[in-house]
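In order, the protein sequence lines correspond to chains A and B. Start counting the first sequence at 1; every next residue gets the next number (my numbering). Start counting the second sequence at 1001; every next residue gets the next number (my numbering).
Just so you know, these hints were derived from the structure itself, not from any lab. One thing to keep in mind: the hints can contain errors.
Just so you have them, the derived chain B footprint on chain A, three or more residues with Cβ under 8 Å [as the list claims (entries may be wrong)]: (1) 53-62; (2) 84-91; (3) 104-117; (4) 194-201; (5) 250-258.
Residues of chain A placed beyond 12 Å of chain B at every Cβ, according to the derived structure [what the hints assert, rightly or not]: (6) LEU30; (7) ARG31; (8) ARG66; (9) THR70; (10) VAL146; (11) ARG149; (12) LEU150; (13) THR155; (14) SER158; (15) PRO189; (16) GLU224; (17) LEU230.
As the structure is a computational prediction, the values presented were derived from the model and not from experiment. Note that beta-carbon positions come from the ideal geometry of N, C-alpha and C, so glycine has one too.
One letter stands for each residue in the lines below.
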Amino acid sequence: MDSGAPPLAIEARGLNLWYGSFQALHDVDLRIRSGIITSLIGPSGCGKSTFLRSVNRITERLGYVRTTGTIEVHGQDILAPGVELVQVRRKIGMVFQRPNPLPLSIRENVLFGWRLHREERGRPEPHECDEIVEGALRKVLLWDGVKDRLDLRATELSLEEQQKLCIARLLPMRPRVLLMDEPCSALDPKATEAVEELIWDLRGEFTIVIVTHNMAQARRASEECVFMLLGRVVEHGETGAMFVTPECRETADYIEGRYG
Amino acid sequence: MFERTPLNVRNQRVERCVKWIFCGMALLLVLPVLIILSVLVARGGPAISFEFLFTPPKQGMTAGGILPALVGTLWLVGVALVASVPIGVAAALYLSEYARDTWLTRVINLAVINLAGVPSIVHALFGVGAFVLFFGCGTSILAASLTLAVMTLPVVIVATREALQAVPQAFREACWNMGATRWQTIRRVVLPNSVSGILTGVILEVSRTAGETAPIMFTGAAFFLPFLPSGVGDQTMALSLHLFVVTTQVPNAPHELQYGVALVLIGIVLALNATSIAFRTWLRGRRKW
């Protein structure tokens, strides 16, 4: 491998996944570069969400899922025996379509994940917590809006704020990868813009993978783009180039809205 | 185009009839409650006095108060609660938060359903065999309360499971996705958000045990015992059995006294129910999601 190649964050090799007897992923080989935003597009049922969910092994919660192949995240196979699932979930965060803050205060939401993984016993220092909360909320551009009401229930925030909070609560766990499953599709256009901007700001520090149904969003808010169809990767390339000169006909047809 | 047709008229008429019939049935439901309460209050009300509530029975239970029975009932219900709630809640947590659908969980579910269907007199005989004799509790509050606990367990389990299932799944998913274990999820999110439902369900159902007679008759409730129990090893009087005794076993007990006992018993049950409903309303008002 030549030394100029960009480091990889996620490398899936020969990934197959079955829901019972239905095969959702067929021999997926995918190399996602570190520190950029990659969008996964494709029609419903093409396996993009399934792929996303297998990267933090959430798929396993359904008892009837079977996976073969490897998914390496920063060089380590997360499907290998001996991998601690809790650490996988900690280092590979997930943001959902519907904002799902916990029914706790804003402050407690931000601290929740951090508390789960805190090695030291005993109560954390208040100033330590304050710093974590402020740091995470500043990073998601929420601090100025909520700093005076940190004890408000998170479920009372607007959807946009809730979704930002859901991103913020991952940050204190120092994740390497952020997986986002249609993070803006429950939001209105203005909120979508705000959250997209936030995601754009976070790239570099984190590797971000976004599943989206929204072509325009994929185009303006990602650097690389993966087109999937029927459980296979059809095309993977630089977003701008893919939207202007797609290599495969299926990609072109999908992008132009001929199906999907 | 929009005129009423004869068919419409006919349908409307049927609709009105059906509605009134159903409404009547619903009102019929309230009738027994009203009659029971009004008769009890009218005929037992005059018996209620400070002396009635706070002194033991006298003259072969034809006079005096009901203090030992009142206190005994509180003991029985209290100990039964202490025994059944931890077991029931833990079992419900396992069934709804941990267990997958396997033969084992099906067997447990089946057992719960069947336990709920066992008649109370059979529970009484089980209590005699298991707690009084086998575990050597003797006829005591402990044996009687454990029998009541076994009887209420299915209800506690069902109430708890319903409360747990009312917690949105999205909260659990959020926790699991941050690497929380099941127990961390339960302790920090599921329980805090279901505790109101669990508590009210439990209180509501367990208040019924205050009125149970059969399960305590052979296991710990005494016919006449004019002292207050000093611990769970003692026998005790109980309101429900006392009511049975003064209405059927004491030939010349005044009617007023009989109705008075019934009124106090139903008063305790209603008070427990009212408390739990008020509690639930209060907790629901605070919950927002």
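To see whether the hints hold, each was checked on the structure:
no.	hint	in the structure
1	53-62	holds (count 3)
2	84-91	holds (count 6)
3	104-117	holds (count 5)
4	194-201	violated (count 0)
5	250-258	violated (count 0)
6	LEU30	holds (21 Å)
7	ARG31	holds (24 Å)
8	ARG66	holds (16 Å)
9	THR70	holds (21 Å)
10	VAL146	holds (17 Å)
11	ARG149	holds (14 Å)
12	LEU150	holds (17 Å)
13	THR155	violated (4 Å)
14	SER158	holds (14 Å)
15	PRO189	holds (24 Å)
16	GLU224	holds (24 Å)
17	LEU230	holds (27 Å)
The structure fails to meet hints 4, 5 and 13 from the earlier list, while all remaining hints are met.
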